[in-house]
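We have chain L already, so just place chains D and X with the ligands on it with the hints.
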Amino acid sequence: MSVSIGSQGDSVRYRSRLQQPETERHPDTHPLTWRLRDDGEVIWLEEYLRKDGYESVRRALADRDPQAIIATMKDANVGGRGGGGFSAGLKWSLTLQGEDIPRGYLICNADEMEPGTFKDRLLMEQQPHLLIEGMILGALANNSCFGYIFLRGEYVTAARVLKRAIEEARHAGWLGADINGSGFDFDIIVHTGAGRYICGEETALINSLEGKRANPRTKPPFPGQSGAWGKPSVVNNVETLCNAPGVILNGADWYQDLSGDSTDNGGTKLYGISGPVENPGLWELPMGTTGAEILDRAGGMRNGSELKTWLPGGASTGFLLPEHLDLPLDFNTVGKEGSRLGTGLMTMVPQEQSLVALLRNLEEFFARESCGWCTPCRDGLPWAAKLLRALELGQGETGDIELLEKLAADCGPTLTFCAHAPGAAMPLHTALKHFRHEFEQGISKPRIKAVEG
Amino acid sequence: MATIHVDGQSYEVNGADNLLQACLSLGLDIPYFCWHPAMGSVGACRQCAVRQYKDKDDDRGMLVMSCMAPAADQTRIDIEDEEAKAFRASIIESLMINHPHDCPVCEEGGHCHLQDVTVMTGHDRRRYRFSKRTRRNQFLGPFITHEMNRCITCYRCVRFYNDYAGGTDLGTFGSKDNVYFGRYEEGTLESPFAGNLTEVCPTGVFTDKSHSERYTRKWDMQFAPGICHQCAMGCNISPGERYGEIRRIENRYHGEVNGYFLCDRGRFGYGYVNRTDRPSVPERREAPDSEPVSLGVDDALAQVSEALRHARRVIGIGSPRASLESNHQLLTLVGVDNFSTGIEAREQACLEQMNHLQRHAGLPTPTPREIEDHDAMLVLGEDPVQSAGRLGLNLRQAALARSKALGETIGVPDWNAEALKTLAQDRYYPLFIAWPAPTDLDDVAEARHALGPDDIARLGFAVAHAIDPVAPVVEGLSPALTEAAGRIARALMTAERPLVVSGGSLCSGAVLEAAGSVARALSRRAKKAGMVLIRREANSTGVSLMGGQPLDWVLDELAQGKADAVVVLENDLYQRLPAQRVDAALARAEIAVVLDHQRTATAARAHFLLSAGSFAESDGTLVNLEGRAQRFFQVYQPAYMRPETRIRESWRWLHALGANLRGETTGEINLDTVVRDCAEAHPALAGMVDAAPDSHYRIDGQRLAREPHRYSGRTAMVADQNVSEPRVPQDPDSAFAHSMEGYSGYQQHRQQIPFAWAPGWNSPQAWNKFTDEVGGHLRGGDPGVRLIHPVPGQGRYSQPIQGTESPEALKALILPRLFGGEETSARATPIRQRTELPYVILSPDDVLRLELRAGDVVTIDGVTKLLLHEQDNWPTGWAGLPAGLIGGLLQGDTIAVGRVSGGEP
Amino acid sequence: MADTPQTTELIASDSFELDPADEAEILEEVAHYERPQAACIEALKIVQRRHGWVPDGAIDAIARVLGIGPGEVEGVATFYSLIFRQPVGRHVLLVCDSSACFLTGFDELKRALVNQLGIDYGQTTDDGRFTLLPVCCLGACDGAPALMIDEDTYGPVSPDDLPGLLEDYP
Ligand SMILES: Cc1cc2nc3c(=O)[nH]c(=O)nc-3n(C[C@H](O)[C@H](O)[C@H](O)COP(=O)(O)O)c2cc1C
Ligand code: SF4
Ligand code: FES
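One line per chain: the protein sequences are L, D and X, in this order.
Counting with our numbering, you get residues 5 to 457 for the letters of the first sequence.
Counting with our numbering, you get residues 465 to 1369 for the letters of the second sequence.
Counting with our numbering, you get residues 2 to 171 for the letters of the third sequence.
Here chain L stands alone, though its shape is the one from the complex (with noise of 0.2 Å):
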């Protein structure tokens, strides 16, 4: 760490790293991050080649086989890492391809604003090169003609790291035309984006992307049948193209191992913790890691506070119970409790903390977040936003808790447009599944009855 020699504004500018020291990660364990520095420098060109950087790539060109890393990618079994844990092979295999279909784009969702969630940052503040590799074999098994690293506005500093490595593959040939010889063009930009939860939103993304409001759009047709601009499109985030690579060059197999017995998920995942707890950070850990583990590594809860309840993966996923905390965390196990896995980037509640005060915080967020588009999220969430205020002021009436119920079922999957409400209605509804008492003592007032008419 550097001595602060500065103004104030040094010792509290935020830096995003990783907890695990160099020591203890290794190119066969821990592929996301083997490469990253105790220093948290970038990882640039000339270093990343240095540890083993676009072999995937090279060795991908070389067999011009976009159906073998499809293939390999589907048993491997990547599951989607923004959220909603779909393979990324299946997802591939499904993309329009041929003769006559136009080539379409590889876009990654570099939009990370999920709350609890600083995992996509660090990959691309410190190793964006990474990320460039598997857009390349992305791109490749895709038959993609561009890519997009769709990047929220507000990381300024992955914006200007991309950018220059960017330059620097173009300038070493991994990207423009005719990639290291093999007839292969494909190219990447950053598009950098000006806010809206919404926008990480696979088709609101991709609205987004062509300059329009961020409304997500209907699926079917799928943007591998009809993304941007109409052509077939793949939207992955971040990490789940970081995976590309490793699996490529060392194959399903080993991917499958890497996570042991306790999990059907294999790979590693970059798992992390926020919250009151003494030492909020980012591992690269098996997939399958449990809560409790993380935890542990995070130092416990901060001043021995007692842990009341979590989130397992984001705003948008379910409350599980301390009791929870030794199940793996995989799409499956976490799927399973009522809740989600989402991002793996667990928040945790201490005993103190008011739940009626966090879902109306939670609420606010994604009624706020709202793009507008279908009516149970538009204007269900603000008004259960509001009756989560007066609830949390004592303000409540008999009925309040039962409208909740109410608004947040409004908010089912198929119901809305997009997942974003259904999203929005997992927290509340694990809330007061768990924890009803607590919104019922919000309750002060008998419900004033409509005058009957």
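FYI, nobody ran anything at the bench for these hints, they're computed from the structure.
From a predicted model like this one, the values you see are computed outputs, not experimental measurements.
Heads up, some of the hints might be wrong.
[To be verified] With a cut-off of at most 30 Å between alpha-carbon atoms, the simulated BS3-like pairs for lysine-lysine come out as follows:
1) D/Lys1329 / L/Lys410
2) D/Lys1329 / L/Lys216
3) X/Lys46 / D/Lys885
4) L/Lys390 / D/Lys640
5) D/Lys991 / L/Lys216
6) L/Lys55 / L/Lys223
7) L/Lys390 / L/Lys410
8) L/Lys223 / D/Lys868
9) L/Lys223 / D/Lys518
10) X/Lys46 / L/Lys216
11) L/Lys167 / X/Lys46
12) L/Lys223 / D/Lys991
13) D/Lys518 / L/Lys410
14) L/Lys340 / D/Lys885
15) D/Lys549 / L/Lys390
16) D/Lys868 / D/Lys1026
17) L/Lys223 / D/Lys992
[To be verified] One side of the interface only, derived from the structure: several residues of chain D facing chain L at Cβ under 7 Å:
18) Leu490
19) Leu492
20) Ala508
21) Cys509
22) Ser554
23) Ile555
24) Leu559
25) Ile561
26) Phe594
27) Ser639
28) Lys640
29) Asp641
30) Val643
31) Ile874
32) Thr886
33) Gln889
The C-beta atom is built at its ideal place from N, Cα and C for all residues, glycine as well.
For chains D and X with the ligands alone, coordinates are given in the frame of chain L:
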């Protein structure tokens, strides 16, 4: 066809529909907002939820949006599912959170889709106890009032305005629960189809400002099936009257002509009917400048027939804005040899040429709806939005339909509107326009060729030659035009159903001949093509089919003293020929009788002015640009509310005059008789009898009601005149009753529907109850009959015109324009307010030659002052002038443009 | 005709000239995409960089450069939270109010900010120095509570850090 199961019942439906469409077509009610039959589904409002089951064994199913689910074979759904009902109730409750509940003062009340759906879902208690958000409204111009507080965010307005009609100034602003629909800055809505927002919006955000002036609830108005008189398109309208005034015009659904939409000229141009300066009683004037004397009806008839009886020769001047019946009665009065169509000679020649081409060029004329099925379009010498309003929307849809074809390749159904839009982006079916000025379709056109009339014709001939080598070669065509012709020909030949559009706007026989040649070429190459020819006025086609001498002939006959009396039917001659000529001719007329509902310059010269009914007070038949005869019916009896008025249909006046002249006592005559007389006299018009049922038509033994059931105040509205309730006017001419008594339902199929209403459906969405399937055809058949039919064979190619020198003097090139370019609607206040500042367009060369500068105030022939616009690639030698600006100025007339020193136009 | 046509009153928009350098930069952006409209958000950001916010006249100007409707541009401008359609202060202070920050002292931090600056969300200090706005999770949850001033992200920030921190933004 597909079988679907709804609430345990099996139905046959169109499998290409979505479930909402399919169910509505079956007559089942599912509430909805964002879906619209003409605009497809977007799944935004979530109001149309139903429970869908995967298969026979699935007993849980899940809620889906019926508008977003295909009506695939063996689909099983429940509309009446309790959870679905509860969800739908929840949606409307959420939508109403911020709605002001201001129905009593809202001008949508009574024909409000939001009211209908609120009642349908059973939402009647508000649980929301927090404050509502409020909005500022915008001034949106003379047509539309904006009240954003009522918005329920269904996105229909922008989808219609931008996606369907190509507007660019209305937008969606903000996000979350603060979405705002408005103009990017306050000001007049630019789209000429903005008026449809009043019907597309399911609530009272966009309402009709012209109606607001004197507002009446839908249930308190009297309606009749009307035909818009403001251009040749023949859109079906539903004019509503109260207290002897037209209060608003709404779209009357027609499956082939106008569908759900009108243009703003038609919707807001009715104000001339309500003008207080209308001649409401017959008048006699001794000399042009003397005070008129009012006459009684019998007096007027006696005096006019007395005057005509003493005339040596009476000439009748008909009118393309009057009904066939009125024109025919005039013809009968004066005799075939003394009848003129009232149309200027060159325009008449073009009309005759168009009738000929429509029969003999080898291609059928598609209906406006069918236009939308064409996949390559060539518009030769027309600006369709300006010259035929609604037709422009049809052409736009044809270009946009490429998205459906693209959708088909990846399995996106026709109704999935946003998906098609994002898939197609700016890929359209090829549309080529040859027209000197920018048009409202340029944004979807592959190319617009800015040419003068002769070059437009030459381009057309060259296209014909490129399609069919047998068609004559155009000599000396520039390489650029040759190239363009080749490209157009290729696009037309690659298409499955190419379309040629032309018309009389340029008044050029050559342009029409060229369009005919392209049609012939396409037909010879066995293409399933179509041809549309645009006429100018409401009954241009009809009058040209009836035939008669052109107006120029009348003026000559009068000027030469070959006739001394003239009867003018609903026609302002000063709009058609130069004032000096008209003046000179009228000066020689001993007796000038004018029938009109407006005070025109011609009416001012009349010795006798007979107060004629406008479309709102008359019945009659018009023939539109397809050649479709359509009947319009009297909305109200003017004398009921205002006994002092002596307004009669022109055909009644003329018939009575004839009877008087012949010394007969006026016998029984009604619409049926005059229709039959006209049809019998003119073989080309024989079919007009079937344009609508006659006056004996009854449903269940009843007449058809002009007023909704809930019509109120009938016994009180004339109480200031007469305390005993007068009998409602009796209508000898039609099957409609001037009251709410009579049939007004939808179960019995009928064509003639004064207003759309069905139980639970007060809004215009009620039309779905009258159609065979939503967006389809009226169950009783779409009204009207085609009178012009193609005959086999293509006829012979005519010779292209050869290159012409650009003339020394400037020639007038009159540009049709929707607002201000038509005589009667131009008298309506909102249309006047919407009319652009007058201008003249010159090419940069001419501007230079005349030593002028763009932005100068210039004069035309030393009189009219206007602004000079300079336009790149405008044809040199031509001066572009808006139609309706200089009465009597004709296409191609030589004019002088000069500078004014200082001064405002 | 008895009535001569009259003009519709047009409400003139305040005059705005797109800076030639900005226009060039926008056109450069256009080249990165299949359709010019895609540069819309970037164009708004470019204008905002020069003016601090997006003035009314810029909407029409951008629409013209991109060949799209002004309604569309305004729709985009008003959708995104980092595009400002009202003047803002010299520095924009974004406070993260998402869950991790909420759980680790956002309330106190926000209160301290409101006290020190004398403004709440959406407001600008009288001296035109700061505008305060909330922002979605800044992706700095391991440094919660976090905030961002212009292009700089800070966290964890305690109320005590604020005076020194703000000093760097005159
Ligand atoms: C409201 C909402 C916000 C989202 N935000 C993000 C995001 O910021 N980053 C991301 O990668 N995925 C986000 N997603 C998920 C994406 O829609 C999409 O599933 C993902 O980018 C696909 O990539 P993957 O398969 O690699 O995970 C979001 C989804 C929703 C519904
Ligand atoms: S659920 Fe509906 S309103 Fe909410 S973000 Fe998705 S589409 Fe927009
Ligand atoms: S009508 Fe189906 S969602 Fe709106």
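Hints, verified against the model:
Restraint check: the Cα-Cα separation between D/Lys1329 and L/Lys410 comes to about 67 Å, which exceeds 30 Å; the hinted pair is violated. Simply put, D/Lys1329 and L/Lys216 have alpha-carbon atoms about 44 Å apart, too far for the 30 Å limit, and the pair is violated. A distance of roughly 27 Å separates the Cα atoms of X/Lys46 and D/Lys885; the hinted pair therefore holds under the 30 Å criterion. Our distance criterion of 30 Å between C-alpha atoms is met by L/Lys390 and D/Lys640, whose separation comes to about 15 Å.
For the hint pairing D/Lys991 with L/Lys216, the CA-to-CA distance comes to about 40 Å; that exceeds 30 Å, so the pair is violated. Between the alpha carbons of L/Lys55 and L/Lys223 the distance comes to roughly 41 Å, so the proposed pair goes past 30 Å and is violated. Using a Cα cut-off of 30 Å, the hinted pair L/Lys390 and L/Lys410 holds, with the two alpha carbons roughly 14 Å apart. With a C-alpha separation of about 17 Å, the suggested pair L/Lys223 and D/Lys868 falls inside the 30 Å cut-off, and the hint holds.
A C-alpha spacing of about 18 Å is found between L/Lys223 and D/Lys518, which places the hinted pair at or below 30 Å, so the restraint holds. Of the supplied pair hints, the one linking X/Lys46 and L/Lys216 holds, its CA atoms being roughly 14 Å apart against a limit of 30 Å. Between L/Lys167 and X/Lys46 the alpha-carbon distance is near 18 Å, which keeps this suggested pair within the 30 Å criterion. Of the supplied pair hints, the one linking L/Lys223 and D/Lys991 is violated, its CA atoms being roughly 38 Å apart against a limit of 30 Å.
For the hint linking D/Lys518 to L/Lys410, the alpha-carbon distance of about 25 Å falls within 30 Å, and the restraint holds. Taking the CA atoms of L/Lys340 and D/Lys885, the gap is near 38 Å; set against the 30 Å cutoff, the hint is violated. Of the pairs offered as hints, the one joining D/Lys549 and L/Lys390 holds, with about 25 Å between alpha carbons and a cut-off of 30 Å not exceeded. The suggested pairing of D/Lys868 with D/Lys1026 is violated, with an alpha-carbon distance near 62 Å, which exceeds 30 Å.
Restraint check: the Cα-Cα separation between L/Lys223 and D/Lys992 comes to about 36 Å, which exceeds 30 Å; the hinted pair is violated. The beta carbon of D/Leu490 comes no nearer than 23 Å to any beta carbon in chain L, farther than 7 Å, and the hint placing it at the interface is violated. For D/Leu492, the suggested interface contact is broken, since its CB lies about 21 Å from the closest CB of chain L, more than 7 Å. Taking 7 Å as the C-beta cut-off, the interface hint given for D/Ala508 holds, the closest approach to chain L being about 5 Å.
Given hint, D/Cys509 at the interface with chain L, holds; its Cβ is 6 Å from that chain's nearest Cβ, closer than 7 Å. With 7 Å as the threshold, the beta carbon of D/Ser554 comes within range of chain L, its nearest partner Cβ sitting at about 5 Å, so the hint holds. Look at D/Ile555: its Cβ gets to within about 5 Å of chain L, closer than 7 Å, so that hint holds up. Taking 7 Å as the C-beta contact cut-off toward chain L, the hint placing D/Leu559 at the interface holds, the least distance being around 6 Å.
With a cut of 7 Å, the hint placing D/Ile561 at the interface with chain L holds, because the nearest CB-to-CB distance is about 5 Å. About 5 Å separates the beta-carbon of D/Phe594 from the nearest beta-carbon of chain L, less than 7 Å, and the hint is met. Proximity of D/Ser639 to chain L holds as hinted, the smallest CB-CB distance being about 4 Å (cut-off 7 Å). For D/Lys640, the interface hint holds, since its Cβ comes within 7 Å of a Cβ in chain L; the closest pair sits about 5 Å apart.
The interface hint given for D/Asp641 is met, as the beta carbon of that residue sits about 5 Å from the closest beta carbon of chain L, less than 7 Å. For D/Val643, the interface hint holds, the least distance from its beta-carbon to any beta-carbon of chain L being 4 Å, beneath 7 Å. The interface hint given for D/Ile874 is met, as the beta carbon of that residue sits about 5 Å from the closest beta carbon of chain L, less than 7 Å. Annotation: interface hint on D/Thr886 holds; nearest CB of chain L at approximately 6 Å, less than 7 Å.
For D/Gln889, the interface hint holds, since its Cβ comes within 7 Å of a Cβ in chain L; the closest pair sits about 5 Å apart.
The structure fails hints 1, 2, 5, 6, 12, 14, 16, 17, 18 and 19 (numbered hints given earlier, in ascending order).
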